[in-house]
Amino acid sequence: MAPSETTLEFCNRLWDNWTPENGKNQCEDCPAHWSNRSDFPGDTDTRQSSHGHRPWYGDGDLTDIEVVFLGHEPGPGSIGEESEDATNHTERSFADVRNPNIAEVPDGAGQWFPLTKPLFERVGSAFPSYWTQAKKCNELPKNNEAAEHQCAGIGDEHEGYLSQELSAVDPSYVIGFGEDVYRILTGVYDIEGLGSGFDKPVASGESPSGLRPLKVEDADFTYLPTVHPTRGVQPDTKNQIELESQSGQSDSERYYEMFAEDFISQVETGTI
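In this text, residue positions in the sequence shown follow full-length UniProt numbering: the first is 1, and each later residue adds one.
No lab work stands behind these hints: they were computed from the structure.
C-beta: ideal position from N, C-alpha, C; glycine also.
There may be inaccurate statements among the hints.
Beta-carbon label-pair distances, calculated as ranges [unchecked claim]:
1. Glu91 <-> Ser265: 44 to 52 Å
2. Asn12 <-> Ser245: 27 to 35 Å
3. Ser163 <-> Glu268: 41 to 49 Å
4. Glu217 <-> Pro100: 30 to 38 Å
5. Gln111 <-> Ser265: 29 to 37 Å
My request is simple: use the sequences and hints to build the entire structure.
Next up, the structure:
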């Protein structure tokens, strides 16, 4: 079935929901919205700027997408001071802020996310790929779970963005980073369970990286969970695979490289 809106239409709609004060539609009254956050400078009643923050989604390709890279949420980041140097993204458009180069998504994304670059580079060069987060706006010091549920659409009381976004993008595969993404996706979709824990079963497949595809009963994509770079390759994961880092590589970089190689090979051979 063809999606009801294109990827670009969805991305622009979300941006239009986010830019006004207090947000509208799925963004309305969200505690993570730029105008409602308790960790931004100034009073919420008079705040006029997003202080350098914006929802993080929509990077990479926008048409004929085969792969979605799905993160949990942007980290807390640094809160800008009220000055002329703090970019007010509400005055910009979605086209102004997005990066069309999927390989550059990990660059400058905190301390640990750059370790995923081998995965983005290799998969992004093989297939049209798109980047998004389950929760679009930066982590909150308080009420983060409420914002997560509202944005992703967890629970009957929340429409959320995630299922609408994945319907519009219409990928064949979703590569999700970490246990929080697994938790959120299983709260939105009917997904085959990993079993007990996360670190061990996430690498329980038969390929060198332990890649384990999961069936999604109520959607047309295959979900491939992978470890999150902030936690690195945990012992339970490492014990499942033969992880031999190359010179100058960390365990995480080698793991993501192996994951990319296995993924591309299995797609090309029709294994997944």
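**Prompt:** When the hints from earlier in the document are held up against this structure, which numbers fail?
**Reply:** 2 and 3
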